[in-house]
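Chemist: Kindly produce the complete structure, drawing on both the sequences and the hints.
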Amino acid sequence: MPIKSSPAPLAISEIVTEFGDDAGGSDSLSEYYRGGANVNDVATNSNIPTSGAIDVGDFYGAGNAVSVAASAGTNIDVAPLFGSPDTFTNAVSKLLTIAAPIQIVGNNVALTVPSSMAGTLDIQNAGNIIGSRGGGGNAGSGGGNPTGGAGSAGGAAISIQKAGVTINNSGTISGGGGGGGGGGMGANSSSSNTVNFGSANYSGTRGWQQNFGPHGSGGGASGFYDGVNFGPAGTSNTTSISQNSPPGSGTMNRGNPLGDGPFTGSHTKRYNVGGGSYQSTTTTPGGAGGNGGNGYGFDSSSVVNAQSGASGSSPGGANGGDGGGAGAAGSAGSNSPANNGGAGGAGGNSITSPGSVNYSVSNSGTINGTQG
Numbered sequence: 000m001p002i003k004s005s006p007a008p009l010a011i012s013e014i015v016t017e018f019g020d021d022a023g024g025s026d027s028l029s030e031y032y033r034g035g036a037n038v039n040d041v042a043t044n045s046n047i048p049t050s051g052a053i054d055v056g057d058f059y060g061a062g063n064a065v066s067v068a069a070s071a072g073t074n075i076d077v078a079p080l081f082g083s084p085d086t087f088t089n090a091v092s093k094l095l096t097i098a099a100p101i102q103i104v105g106n107n108v109a110l111t112v113p114s115s116m117a118g119t120l121d122i123q124n125a126g127n128i129i130g131s132r133g134g135g136g137n138a139g140s141g142g143g144n145p146t147g148g149a150g151s152a153g154g155a156a157i158s159i160q161k162a163g164v165t166i167n168n169s170g171t172i173s174g175g176g177g178g179g180g181g182g183g184m185g186a187n188s189s190s191s192n193t194v195n196f197g198s199a200n201y202s203g204t205r206g207w208q209q210n211f212g213p214h215g216s217g218g219g220a221s222g223f224y225d226g227v228n229f230g231p232a233g234t235s236n237t238t239s240i241s242q243n244s245p246p247g248s249g250t251m252n253r254g255n256p257l258g259d260g261p262f263t264g265s266h267t268k269r270y271n272v273g274g275g276s277y278q279s280t281t282t283t284p285g286g287a288g289g290n291g292g293n294g295y296g297f298d299s300s301s302v303v304n305a306q307s308g309a310s311g312s313s314p315g316g317a318n319g320g321d322g323g324g325a326g327a328a329g330s331a332g333s334n335s336p337a338n339n340g341g342a343g344g345a346g347g348n349s350i351t352s353p354g355s356v357n358y359s360v361s362n363s364g365t366i367n368g369t370q371g
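Numbering follows numbering that gives the first Met the number 0, in which position 340 of the sequence shown is assigned residue number 339; successive positions increment by one, without gaps.
Simulated from the structure, these hints should not be mistaken for laboratory data.
Please note that a few of the clues may not be correct.
What the hints assert, rightly or not - Pairwise CB distance ranges, derived in the manner of DEER restraints: (1) 192 x 369: 16 to 22 Å; (2) 143 x 88: 27 to 33 Å; (3) 187 x 114: 50 to 56 Å; (4) 143 x 244: 51 to 57 Å; (5) 187 x 371: 50 to 56 Å; (6) 82 x 371: 46 to 52 Å; (7) 169 x 143: 28 to 34 Å.
Unchecked claim - Quick list of in silico lysine to any residue cross-link-like pairs, SDA-like style, CA-CA up to 20 Å: (8) 3 x 65; (9) 268 x 246; (10) 161 x 107; (11) 161 x 19; (12) 161 x 42; (13) 268 x 301; (14) 268 x 195; (15) 3 x 59; (16) 3 x 56; (17) 161 x 361; (18) 268 x 199; (19) 3 x 79; (20) 161 x 66; (21) 268 x 238; (22) 161 x 79; (23) 268 x 232; (24) 268 x 234; (25) 161 x 370; (26) 161 x 56; (27) 268 x 283; (28) 268 x 235; (29) 268 x 278; (30) 268 x 241; (31) 161 x 113; (32) 268 x 339; (33) 161 x 89; (34) 161 x 352; (35) 268 x 255; (36) 3 x 67; (37) 268 x 356; (38) 268 x 198.
Ideal Cβ positions, reconstructed from N, Cα and C, are used throughout, including at glycine.
Modeler: Here it is as structure tokens:
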């Protein structure tokens, strides 16, 4: 339990009881500098000097921390590291040491301090704590998604869910990099070609049909040639009709009639094809965009560096955006003239917490990513 608070009298024997006596023999305050053999260098003991003048009054509220050392791992929950659940949930000082070169990584968050904590926790990190990478967005393509997909966000390195945490970092704390956005699909292009054709006998794929009303009055004409339709248009006297489906500027001329007999009611007469032309249009799909690059961070098996976005395919596919470095957002995918690229994913926080939870950080190492 922590030493009592001021102004109650405090004896050196109470200090020895709390912190122990590593050297043995007669007791002296000089044995109890913070960071020495007996007193942990943690936030709870911040009033105790590390050298020089020292007084019994410096020890009010101080306490001997329960200390554990973390091993390398993935998705680490701090609570079980302290063994008995009572240790983590009791109001005692706690110290978590992460030595170099230990690496803690996460499929989202690497290290979590849950809200069940009581007391205080000092995290002294000399190792590497790394959040997950953000995945690159999908390329825009002709499969119904011509716009590039958005990259996903990187994961946080540390999540603090309860106040009372102090981080002393001499190692590296890095959020994952956001994924790059996918590039937009290129614009479709089309080209037209005029095909001329000569006369042809009436058949199931080529022919002219003239509609007549009762006693030969009224009516109109329609034609077909290898899947291209002309008309219907005109009257019973029409001898040339325009291309209708697929749209185009071609025409068909009427040829000689077949031997269809006379009719007095409404009827259709068949004619051979007298020649003409049709316009054929070919559409070339735009090229697929490039996939976005993955961001820096843990990818479920290892820590990977940020990747560049892939190049778009010809014709006109736009490039994917680059993945973000440690704690940085990914780049957006490039736009094509026809379709937009996807947004880059946000960089993962180095340290994250709910808005009501405060923590403190002392840093002599490297921290990549926003603290929030």
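Chemist: Evaluate each hint against the coordinates.
Modeler: Do the hints match the structure? See the list:
1. 192 x 369: 16 to 22 Å: violated, 58 Å
2. 143 x 88: 27 to 33 Å: Check failed, 52 Å falls outside 27 to 33 Å.
3. 187 x 114: 50 to 56 Å: holds, 54 Å
4. 143 x 244: 51 to 57 Å: 26 Å Cβ-Cβ, so the 51 to 57 Å window is violated.
5. 187 x 371: 50 to 56 Å: violated, 44 Å
6. 82 x 371: 46 to 52 Å: violated, 31 Å
7. 169 x 143: 28 to 34 Å: Once the Cβ atoms are compared, 51 Å apart, the range 28 to 34 Å for residue 143 and residue 169 is violated.
8. 3 x 65: holds, 18 Å
9. 268 x 246: violated, 25 Å
10. 161 x 107: holds, 19 Å
11. 161 x 19: violated, 29 Å
12. 161 x 42: Distance ~15 Å between residue 161 and residue 42 Cα, so the pair holds.
13. 268 x 301: violated, 77 Å
14. 268 x 195: Not OK: residue 268 and residue 195 at ~25 Å, beyond 20 Å, violated.
15. 3 x 59: Status holds; Cα separation ~6 Å.
16. 3 x 56: With a Cα-Cα distance of about 11 Å, the restraint between residue 3 and residue 56 holds, given a limit of 20 Å.
17. 161 x 361: Between residue 161 and residue 361 the Cα gap is close to 18 Å, so the pair holds against 20 Å.
18. 268 x 199: holds, 16 Å
19. 3 x 79: violated, 28 Å
20. 161 x 66: Distance ~19 Å between residue 161 and residue 66 Cα, so the pair holds.
21. 268 x 238: Holds, because 13 Å separates the two Cα atoms, which is no more than 20 Å.
22. 161 x 79: Distance of about 16 Å is within 20 Å: holds.
23. 268 x 232: holds, 15 Å
24. 268 x 234: Holds: residue 268 and residue 234 sit about 13 Å apart, inside 20 Å.
25. 161 x 370: Given that 20 Å is the threshold and the Cα spacing comes to 15 Å, the pair holds.
26. 161 x 56: Roughly 29 Å between the alpha carbons, so the hint for residue 161 and residue 56 is violated.
27. 268 x 283: Roughly 40 Å between the alpha carbons, so the hint for residue 268 and residue 283 is violated.
28. 268 x 235: Given that 20 Å is the threshold and the Cα spacing comes to 10 Å, the pair holds.
29. 268 x 278: Violated. Residue 268 to residue 278 sits at ~26 Å, over the 20 Å cutoff.
30. 268 x 241: Holds - the C-alpha atoms of residue 241 and residue 268 are around 19 Å apart, at most 20 Å.
31. 161 x 113: holds, 7 Å
32. 268 x 339: Distance ~54 Å between residue 268 and residue 339 Cα, so the pair is violated.
33. 161 x 89: The given pair, whose Cα atoms are some 13 Å apart, holds under the 20 Å limit.
34. 161 x 352: holds, 8 Å
35. 268 x 255: holds, 11 Å
36. 3 x 67: violated, 24 Å
37. 268 x 356: violated, 88 Å
38. 268 x 198: holds, 18 Å
Hints 1, 2, 4, 5, 6, 7, 9, 11, 13, 14, 19, 26, 27, 29, 32, 36, 37 from the list above are not met by this structure, while the remaining hints are.
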